[in-house]
Amino acid sequence: MTPPEASLPLLVSLVAGLSLAVAVLATAWPRQAHRIGPLGALAIAATVGWLARRFHQAGAGGGEAVTRVALGGWEAPLGLMLHLDGFAVTLLVLTAIVALAASLYSIGYIHDRVERRQFWPLWLWLWAGLNLLFLSGDAFNLYVTLELVSLAAVALVAFSGTAAAVSGAMRYLLVNILGSLAFLMGVALLFGEHGVLDLAALQAQAGDGASERLAAALMTAGLMLKAALFPLHVWLAPAHGSAPAPVSAILSGLVVTGAFYLVLRLWLGIFAPLATPALGMLVGLLGVAALVWGSVQALRAGRLKSIVAYSTVAQFGYLLVAFPLMLIEPGAWKVVVFFAVAHGLAKAAVFLAAGTLQHAAGHDRLAELDDILRGRGRSVFALGLAGVSLMGLPFTGGFIAKYLLLDAGLSTVLAGSLIGVLWVVAIAGGGLLAAAYILRMVAPAFHPGPQRAGAVVSPWMEWVPLGLALVAALAGLAGAVTLQLLSLTPGAA
Amino acid sequence: MEALAHGLGPGTLYPLGGALLFALALYGLIRRRHLVLRILALNIMGSGVFMVLLGVAARGDGPPDPVAHALTLTGIVVAVSATAFALALVVQLARLTGQAVIQPGPPDDRAPTGESRENDEPDNGAGHGNGHGGPRP
Chain P
805 MTPPEASLPL
815 LVSLVAGLSL
825 AVAVLATAWP
835 RQAHRIGPLG
845 ALAIAATVGW
855 LARRFHQAGA
865 GGGEAVTRVA
875 LGGWEAPLGL
885 MLHLDGFAVT
895 LLVLTAIVAL
905 AASLYSIGYI
915 HDRVERRQFW
925 PLWLWLWAGL
935 NLLFLSGDAF
945 NLYVTLELVS
955 LAAVALVAFS
965 GTAAAVSGAM
975 RYLLVNILGS
985 LAFLMGVALL
995 FGEHGVLDLA
1005 ALQAQAGDGA
1015 SERLAAALMT
1025 AGLMLKAALF
1035 PLHVWLAPAH
1045 GSAPAPVSAI
1055 LSGLVVTGAF
1065 YLVLRLWLGI
1075 FAPLATPALG
1085 MLVGLLGVAA
1095 LVWGSVQALR
1105 AGRLKSIVAY
1115 STVAQFGYLL
1125 VAFPLMLIEP
1135 GAWKVVVFFA
1145 VAHGLAKAAV
1155 FLAAGTLQHA
1165 AGHDRLAELD
1175 DILRGRGRSV
1185 FALGLAGVSL
1195 MGLPFTGGFI
1205 AKYLLLDAGL
1215 STVLAGSLIG
1225 VLWVVAIAGG
1235 GLLAAAYILR
1245 MVAPAFHPGP
1255 QRAGAVVSPW
1265 MEWVPLGLAL
1275 VAALAGLAGA
1285 VTLQLLSLTP
1295 GAA
Chain Z
496 MEALAHGLGP
506 GTLYPLGGAL
516 LFALALYGLI
526 RRRHLVLRIL
536 ALNIMGSGVF
546 MVLLGVAARG
556 DGPPDPVAHA
566 LTLTGIVVAV
576 SATAFALALV
586 VQLARLTGQA
596 VIQPGPPDDR
606 APTGESREND
616 EPDNGAGHGN
626 GHGGPRP
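Chains as they are written, first to last, in this note's numbering: chain P, 805 to 1297; chain Z, 496 to 632.
Everything labelled a hint here was simulated from the structure, so no lab data went into it. A hint or two may mislead.
As the list claims (entries may be wrong) - Residues from chain Z shown here face chain P by an in silico Cβ test under 7 Å; the list is partial: (1) 537; (2) 544; (3) 547; (4) 551; (5) 566; (6) 573; (7) 577; (8) 581; (9) 584; (10) 588; (11) 591; (12) 592; (13) 597.
As the list claims (entries may be wrong) - Just the calculated beta-carbon pair ranges, DEER-fashion: (14) P:854 x Z:556: 44 to 54 Å; (15) P:1244 x Z:523: 39 to 49 Å; (16) Z:590 x P:1082: 44 to 54 Å; (17) Z:525 x P:1017: 15 to 25 Å.
To be verified - Calculated from the model, a selection of chain P residues having no Cβ within reach of chain Z, i.e. all distances over 12 Å: (18) 811; (19) 917; (20) 920; (21) 1011; (22) 1253; (23) 1255; (24) 1267.
Beta carbons are placed, not taken as given, at the ideal position from N, Cα and C, and that holds for glycine.
Only chain P is shown next, with the shape it has when bound in the complex (with noise of 0.2 Å):
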């Protein structure tokens, strides 16, 4: 019998190869691209299940799970190599469990002939962006992915082609570029360093000279303009919010996790020497900051997805508030990767949730929707389900997340300092501010009032949101399969 290791290249080429080609054959094939579509969905879904669950049985069995591909047989420096470790695999996993169940709802969201032939292809190059990335090990090989990935998610935001829809994707799109061009002219100065792009082989040449600041602080701008860290994040609610309902889940769920993966994946491996404790500070500030300024915007937002959108400025607060403790305790990235998975899945089945309300009602301003909220209670049990996850009670991925981050807060209390007592206020009051505005959307349904039903919804759109809630809410039983895989990376504590 085979050790599980020995099918992983292959399983790497086949996920990489297969979200490409479903997304080709879409695009080559727009009239079908409603059924490909969908059965695309399920194969790279399955693939990706497939690959997890190799890389697992590699890892217990204490194989060689890390695996590197070297495309065509053409090895790293010339070559790109296509790069696979815990890390990677999480995030393949979150985005196959997003992506399938944004690819599910849209069979009932996307109905017009037209808009399907545009959706599909549009989409289904997203997913494979998202995935490439994931699994690139390339700097340069980033930078395209990074390109694939903003220009299908841009399409998508204008997509109903709205003044609204494409005002935001206008400004999407400039943040975008710009930010993908701070990270090239990185990308540029580390290879005039170093004169390598393959990741592995620069962190091996890690240093903490004056161009690699200088890269790490244009890669790093670049990335958290992509991922709307505070304070770059003011393009986010427009573009988030005018899109439609299963584009937003997956913009907030996956894309802006994508970005932030980058970040985390960078300043753990290649600019590892640049961290200081002043830096983490300044970041663990800012996370503060977009906590507290994105929790008081949904408070006062009056359409439904806006709140869902600022709530997603709030909740990376949370992963920029633990980098100082990265810094104290090596281990901590675990655990923020974690939080950001159980965000993903919470945050995308709430934005799909909003959507079939929306639909039922036509609009979604919250002071108008009263009456639909009680009429429909499955998804505004999904909502509730899914934003109990981002408020982090017991049991949930949610709670999981902020249970070990406050644990690991708690040994730097126990140490005295202040940034200690910041981070236990921030993460608990954060919990009570989110508790707020997940209440604000599900509270209505429960005062005594007339009842309606809204427009037809397709049965999609009313299980999709409530299955995924189911899963965001369950996560927090995985959290030690997730841990186990994230312990499988190189380089990492």
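Chain Z: place on chain P using the hints.
Structure of chain Z alone, referenced to chain P:
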């Protein structure tokens, strides 16, 4: 000037020039409001990055580094496609609103929590013709 350029050599001059272009274009991107100018600024930023890459390729003795050239070519292809897409979006935006500028603020800002139904229709900003300037009441 000639002597200075010769003394610096392409390995230094090109990156410096590229950095300058990058900074100037960033200023233009932030200050200008017309979208075509902003897209031009992004293109100039891209040229700055490519100049840095070319300077990198010229470093050291011997023939220029072909990898940097391949990167520049790929970068140009990406930049051209992104520009084409951006221009198409501008045309669409100008058709819908009559203006080639981004409307300030998220659509939500117009009515934080209020009842103003006619101002807060999420899907038909064009229908109200409030394309330019502050739509805030």
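| Index of numbered hints that the structure contradicts, given in increasing order | As far as the earlier hints go, not one is violated by this structure.
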